[in-house]
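Number of protein chains: 2
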Amino acid sequence: MSLLVVGTVAFDEIETAEGKSGKILGGAATYIGLAASQITNDIRLVSVVGGDFPHAYLNLFEKYQIDTEGIRIIPEGKTFYWSGRYHQNMNHRDTLVTALNVLADFDPVLPPAYRNSKYIMLGNLTPFVQKRVIEQLESKPELICMDTMNFWMDACWDDLLEVISMTDVLTVNEEEARQLSGEYSLVKAARKIQMMGPAYVIIKRGEYGALLFYREHMFNAPAMPLAEVHDPTGAGDTFAGGFMGYLAKVDDTSFESMKNALIYGSAMASFAVEKFGTDRLVEISQEDIQQRLIEFVKLVSFDL
Amino acid sequence: MSLLVVGTVAFDEIETAEGKSGKILGGAATYIGLAASQITNDIRLVSVVGGDFPHAYLNLFEKYQIDTEGIRIIPEGKTFYWSGRYHQNMNHRDTLVTALNVLADFDPVLPPAYRNSKYIMLGNLTPFVQKRVIEQLESKPELICMDTMNFWMDACWDDLLEVISMTDVLTVNEEEARQLSGEYSLVKAARKIQMMGPAYVIIKRGEYGALLFYREHMFNAPAMPLAEVHDPTGAGDTFAGGFMGYLAKVDDTSFESMKNALIYGSAMASFAVEKFGTDRLVEISQEDIQQRLIEFVKLVSFDL
Numbered sequence: 010m011s012l013l014v015v016g017t018v019a020f021d022e023i024e025t026a027e028g029k030s031g032k033i034l035g036g037a038a039t040y041i042g043l044a045a046s047q048i049t050n051d052i053r054l055v056s057v058v059g060g061d062f063p064h065a066y067l068n069l070f071e072k073y074q075i076d077t078e079g080i081r082i083i084p085e086g087k088t089f090y091w092s093g094r095y096h097q098n099m100n101h102r103d104t105l106v107t108a109l110n111v112l113a114d115f116d117p118v119l120p121p122a123y124r125n126s127k128y129i130m131l132g133n134l135t136p137f138v139q140k141r142v143i144e145q146l147e148s149k150p151e152l153i154c155m156d157t158m159n160f161w162m163d164a165c166w167d168d169l170l171e172v173i174s175m176t177d178v179l180t181v182n183e184e185e186a187r188q189l190s191g192e193y194s195l196v197k198a199a200r201k202i203q204m205m206g207p208a209y210v211i212i213k214r215g216e217y218g219a220l221l222f223y224r225e226h227m228f229n230a231p232a233m234p235l236a237e238v239h240d241p242t243g244a245g246d247t248f249a250g251g252f253m254g255y256l257a258k259v260d261d262t263s264f265e266s267m268k269n270a271l272i273y274g275s276a277m278a279s280f281a282v283e284k285f286g287t288d289r290l291v292e293i294s295q296e297d298i299q300q301r302l303i304e305f306v307k308l309v310s311f312d313l
Numbered sequence: 010m011s012l013l014v015v016g017t018v019a020f021d022e023i024e025t026a027e028g029k030s031g032k033i034l035g036g037a038a039t040y041i042g043l044a045a046s047q048i049t050n051d052i053r054l055v056s057v058v059g060g061d062f063p064h065a066y067l068n069l070f071e072k073y074q075i076d077t078e079g080i081r082i083i084p085e086g087k088t089f090y091w092s093g094r095y096h097q098n099m100n101h102r103d104t105l106v107t108a109l110n111v112l113a114d115f116d117p118v119l120p121p122a123y124r125n126s127k128y129i130m131l132g133n134l135t136p137f138v139q140k141r142v143i144e145q146l147e148s149k150p151e152l153i154c155m156d157t158m159n160f161w162m163d164a165c166w167d168d169l170l171e172v173i174s175m176t177d178v179l180t181v182n183e184e185e186a187r188q189l190s191g192e193y194s195l196v197k198a199a200r201k202i203q204m205m206g207p208a209y210v211i212i213k214r215g216e217y218g219a220l221l222f223y224r225e226h227m228f229n230a231p232a233m234p235l236a237e238v239h240d241p242t243g244a245g246d247t248f249a250g251g252f253m254g255y256l257a258k259v260d261d262t263s264f265e266s267m268k269n270a271l272i273y274g275s276a277m278a279s280f281a282v283e284k285f286g287t288d289r290l291v292e293i294s295q296e297d298i299q300q301r302l303i304e305f306v307k308l309v310s311f312d313l
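Sequences listed follow chains A and B, in order. For our numbering, add 9 to where a residue sits in the first sequence, where the first one is 1. For our numbering, add 9 to where a residue sits in the second sequence, where the first one is 1.
A couple of the hints might just be wrong.
If several chains are the same, the list does not tell them apart, and a pair holds so long as it fits within one copy or across any two.
What the hints assert, rightly or not - Quick list of in silico lysine-lysine cross-link-like pairs, DSBU-like style, CA-CA up to 35 Å:
(1) 307 / 87
(2) 32 / 149
(3) 149 / 29
(4) 201 / 268
(5) 29 / 127
(6) 87 / 268
(7) 197 / 87
(8) 307 / 258
No lab work stands behind these hints: they were computed from the structure.
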């Protein structure tokens, strides 16, 4: 089934204890799209870049059969740029530069062919932009998943709640779930968020995995413990890409299917962090993915 | 099979955002013993208390068929006392008072009947005391599991390494695993600790669960997400009690059995935090435990 991905396409510049990335391809939609493309096809990408965005990167998306008609190029503008430095333990980072550039005035226009998309992944963006995408859909999609962050809770609470009410799945991290709900317990937080609209709430816990809440059910997807974490940038977006890629592929939004989707998301995220930026995502094979999925099964299986 | 538990039996006084416990029964061996007693029998407890220790608490142990011959009572001494205050989020606590009292000179003497114990749980204590217990065993046990903490890494490194080398299972938290190994990655940390002696390394991650490492294998036991956490005191010890209780009951130390034991430990810990001190542990029924185990199965099950 078709998967519409909306989010940033950017230049990132990352520094870790192990080295510097230089200026590389980044952005939420990039990670989401590339991760999903390892699992499903018919992916449409909506974003905005400047005249400085290399054709080679557009070609990369096309190579992974990601439709780029929805990537608006503003020739006189510059592409969104982010640079950050990770602390030794990779759990904390300092943002060094955020230059919104063309993203500042982004008003997405969906190409007509995108307006019947069945699976919608709204990457972290201003709630206004996320809402504008939903409004342009001409048929009711199977599933809308949105990611957001604490910044929008501080900056535009009402807009944020409005978009959340229009979605089926919300992905947030622990801190964001607590801020959004006013509850410390993740169980209580998820219940409150479910009452805001989304039937499914996914709480991302980084190296500890993710929790899925649906009605009174809970599912815990572990993260794969890794000997080397090279660059955590984009792990959450890659997770979302694997998650939505799986759902679009199987075209089934049951709770059982959602659980598998979380494992796919976790598997894709476990690859993403192994190299700088998208380097590992564009290198892995289908065999690598299948092998990692087997490792996930082993990681949690027991027989009481 | 017989389970020997060595550790503190204490008075605790706990303060959380929800209230104060008053002076209650605490200590590592208490939590370990009570948790294990829900799963297996033939539990022997080695500890030391003062003349101020109520007979009612000794009777409580006996009620749970925990042998108390190994609890030395020093009439003129006072029982180990700890008090602490938890922060709002329960993940941090301040120790208000630590009074070692009779624990300061604790030199354990195993009653003759304890010296052939098959499963040995060494609760967090000075490595010297842990070693003295191992030295008094007259037959090789099936399994020795030890818990420790960062304090001993700072205070008596060589003693600690010597005891670690004599054990089969080491339980530490993430920070302790990193300090002990000098490795940030838990995968690398566990490998290094395995080379110090223990074939099995368990890394406790609190509300995120626990990881078990054995040779090149890993197993992730989740923690049960809870709506209410009343008092986290003793959760790690309760986990160890459930873990060793299960192993002693099934008398099987295979990796498959260890995985189940981790789930039992996680289930017992999930009860312990629901009320102050040991209140919940002495209240639950076998049906409660079976129900919680089923919830753990549901929490991690998927069918790719």
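Using 35 Å as the alpha carbon limit, work out where residue 149 and residue 29 are close: within a copy, between copies, both or neither. For residue 149 and residue 29, neither the intra-copy (44 Å) nor the inter-copy (53 Å) Cα distance is at most 35 Å.
Could you figure out if residue 307 and residue 258 sit no more than 35 Å apart (CA to CA) within one copy, between two copies, both or neither? Both ways: residue 307 and residue 258 sit 24 Å apart in one copy and 25 Å across, limit 35 Å.
Regarding residue 87 and residue 268, is the shortest C-alpha distance of 35 Å or less found within a copy, between copies, in both, or in neither? The answer is neither: 39 Å in one copy and 53 Å across copies each exceed 35 Å.
Is it within a copy, between copies, both, or neither that the alpha carbon of residue 201 lies no farther than 35 Å from that of residue 268? both (21 Å within a copy, 34 Å between copies)
Intra- versus inter-copy proximity for residue 87 and residue 197 (alpha-carbon distance at most 35 Å): neither (43 Å within a copy, 42 Å between copies)
Up to 35 Å between alpha-carbons, please classify residue 307 paired with residue 87: within, between, both or neither. neither (46 Å within a copy, 49 Å between copies)
Given identical chains, is residue 32 near residue 149, meaning Cα to Cα at most 35 Å, within a copy, between copies, both, or neither? neither (39 Å within a copy, 60 Å between copies)
Homomeric proximity label, residue 29 with residue 127: Cα distance no greater than 35 Å: For residue 29 and residue 127, the Cα distance exceeds 35 Å both inside one copy (39 Å) and across copies (54 Å).
In this structure, the hints that do not hold are numbers 1, 2, 3, 5, 6 and 7, in rising order.
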